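From first to last, the protein sequence lines stand for chains A and B. The first sequence runs contiguously to residue 126 in our numbering. The second sequence runs contiguously to residue 1180 in our numbering.
Please keep in mind that the hints were generated in silico from the structure rather than gathered at the bench. Bear in mind that the values here come from a model prediction, so they are computed numbers and not experimental data. Glycine residues also receive a C-beta, built at the ideal position from the N, C-alpha and C atoms. Heads up, some of the hints might be wrong.
A few chain A residues facing chain B, derived, Cβ under 10 Å [claimed, not checked]:
{"no.": "1", "residue": "6"}
{"no.": "2", "residue": "10"}
{"no.": "3", "residue": "29"}
{"no.": "4", "residue": "30"}
{"no.": "5", "residue": "35"}
{"no.": "6", "residue": "41"}
{"no.": "7", "residue": "43"}
{"no.": "8", "residue": "50"}
{"no.": "9", "residue": "71"}
{"no.": "10", "residue": "74"}
{"no.": "11", "residue": "89"}
{"no.": "12", "residue": "93"}
{"no.": "13", "residue": "104"}
{"no.": "14", "residue": "111"}
{"no.": "15", "residue": "119"}
Lysine to any residue pairs mimicking SDA-like chemistry, simulated, CA-CA at most 25 Å apart [stated by the list, open to error]:
{"no.": "16", "chain 1": "B", "residue 1": "1111", "chain 2": "A", "residue 2": "80"}
{"no.": "17", "chain 1": "A", "residue 1": "112", "chain 2": "B", "residue 2": "1106"}
{"no.": "18", "chain 1": "A", "residue 1": "62", "chain 2": "A", "residue 2": "28"}
{"no.": "19", "chain 1": "B", "residue 1": "1125", "chain 2": "B", "residue 2": "1055"}
{"no.": "20", "chain 1": "B", "residue 1": "1111", "chain 2": "B", "residue 2": "1044"}
{"no.": "21", "chain 1": "A", "residue 1": "22", "chain 2": "B", "residue 2": "1044"}
{"no.": "22", "chain 1": "A", "residue 1": "112", "chain 2": "A", "residue 2": "80"}
{"no.": "23", "chain 1": "B", "residue 1": "1072", "chain 2": "A", "residue 2": "110"}
{"no.": "24", "chain 1": "A", "residue 1": "105", "chain 2": "B", "residue 2": "1044"}
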Amino acid sequence: MSLVARHLEANGIPTVIMGCAKDIVEHVGVPRLLFSDFPLGNAAGKPKDVASQALTIELALKVLETAPGPRTTVQSPLRWSDNPDWKLDFSNVERLSAEEIARRKAEFDANKGVARTRRVEAGVAE
Amino acid sequence: MTDTMDGLDFAPPHDLPIPYLRRISTYYQTLGYGAPYRWAQYADVPFTPLAKPLAKSRISLITTAAPYQPDKGDQGPGAPYNAAAKFYRVYTGSTDGEPDLRISHIGIDRKHTTAEDINTWFPLKQLKRLAGEGRIGEVAPRFIGAPTNRSQKTTIEQDCVDILARVREDGSDAAVIVAN
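Modelling step: build the complete structure from the supplied sequences, incorporating the hints.
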């Protein structure tokens, strides 16, 4: 999505990204990012929490309006939880057993096969 | 939750944005997949200021979510990663009504969230409210779906071009892009 933002912006369309993976988006380099420090999948606010969703989109629009230049990142003040331990889990091999790593590898390989079939069906196989 | 040092209350050391680049590279190397993925990286970043106030602007909503496909397996709340639900071409859908879009084909955090509420990844309802209140001019007649290809070359050479064309067809003044 960072690449999309860059392409639109280079062609005269202002953008704001709403995202949860701050380092990835900033690594690519985008005009404007509203960063929510939430588990991936919640870039537009917390589940079943309309107030957080309203605040999140309002912050994104403010970033769109007021960013002084490219690489503007604003972090939402909202917290996923008072306990930050959820941040230790995602794709963290230090917290996985050898058995779990093997299971995930098998699952990943299976999904790769499915994705390959889908690409062929969609006519975009490499 | 605080971490005390020298009588000062700091946040715990891991209470920072997750270092995804490092985590994901280490993860796939540990699983046994050779050369680490290299994310796109640029020194220069384009920037276009808004041409008119948001209250007079038409806004496109761009999403990585996929339309629900009943024949493609579990895409509901708590679904495991579902590669069958992926899509490979830019698509559009009407912003009238309430489109049913899912994110089971995306690497979300499945331990700590369940994708139970579309409004956490597709803020159409909020954008319509803001249009009704005059905060933005209007929501574009179509939302735009962006494929999550691992091939950045395809994203740049095909998807970005297709998305720009659709934003222009819709006469939009700006875009809200939701990454997942």
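Status of the hints after comparison with the structure:
Given hint, residue 6 of chain A at the interface with chain B, holds; its Cβ is 6 Å from that chain's nearest Cβ, closer than 10 Å. The beta carbon of residue 10 of chain A is positioned within 10 Å of a beta carbon in chain B (closest approach about 4 Å), and the interface hint is therefore held. For residue 29 of chain A, the shortest C-beta to C-beta distance to chain B is roughly 4 Å, which falls under 10 Å, so the interface hint holds. Contact between residue 30 of chain A and chain B, as hinted, is supported at the beta carbon level, the nearest pair being about 6 Å apart and thus within 10 Å.
Hint status for residue 35 of chain A: holds, given a least beta-carbon distance of 7 Å to chain B, under 10 Å. Against a cut-off of 10 Å between C-beta atoms, the interface hint on residue 41 of chain A holds, since the closest Cβ of chain B lies about 3 Å away. The interface hint given for residue 43 of chain A is met, as the beta carbon of that residue sits about 5 Å from the closest beta carbon of chain B, less than 10 Å. With a cut of 10 Å, the hint placing residue 50 of chain A at the interface with chain B holds, because the nearest CB-to-CB distance is about 7 Å.
Checking residue 71 of chain A against chain B by beta carbon gives a least distance of about 5 Å; that is within 10 Å, so the hint holds. Interface restraint check for residue 74 of chain A: the shortest CB-CB distance to chain B comes to about 13 Å, outside 10 Å, so the restraint is violated. Annotation: residue 89 of chain A was flagged as interfacial toward chain B, and the flag holds, the nearest CB pair being 5 Å apart, inside 10 Å. A least Cβ separation of about 4 Å between residue 93 of chain A and chain B falls short of the 10 Å threshold, and the interface hint therefore holds.
With its C-beta approaching chain B no nearer than about 6 Å, residue 104 of chain A sits inside the 10 Å limit, and its interface hint holds. For the restraint placing residue 111 of chain A at the interface with chain B, the shortest Cβ-Cβ distance is roughly 4 Å, inside the 10 Å limit, so the hint holds. With 10 Å as the threshold, the beta carbon of residue 119 of chain A comes within range of chain B, its nearest partner Cβ sitting at about 6 Å, so the hint holds. At roughly 14 Å between alpha-carbon atoms, residue 1111 of chain B and residue 80 of chain A fall within 25 Å of each other, so this suggested pair holds.
For the suggested pair residue 112 of chain A and residue 1106 of chain B, the alpha carbons sit about 13 Å apart, so the restraint of at most 25 Å is met. Distance check on the hinted pair: residue 62 of chain A and residue 28 of chain A sit about 22 Å apart at the alpha-carbon level, within 25 Å; holds. Distance restraint check for residue 1125 of chain B and residue 1055 of chain B: the Cα-Cα separation of roughly 17 Å lies within the 25 Å cut-off, and the hinted pair is therefore satisfied. With a C-alpha separation of about 36 Å, the suggested pairing of residue 1111 of chain B with residue 1044 of chain B is violated against the 25 Å cut-off.
Annotation: proposed proximity of residue 22 of chain A to residue 1044 of chain B holds, straight-line Cα distance about 18 Å (limit 25 Å). As the CA atoms of residue 112 of chain A and residue 80 of chain A are separated by approximately 31 Å, the hinted pair breaks the 25 Å bound. Simply put, residue 1072 of chain B and residue 110 of chain A have alpha-carbon atoms about 15 Å apart, close enough for the 25 Å limit, and the pair holds. Using a Cα cut-off of 25 Å, the hinted pair residue 105 of chain A and residue 1044 of chain B is violated, with the two alpha carbons roughly 37 Å apart.
In the structure shown, a violation is registered for the earlier hints numbered 10, 20, 22 and 24, in ascending order.
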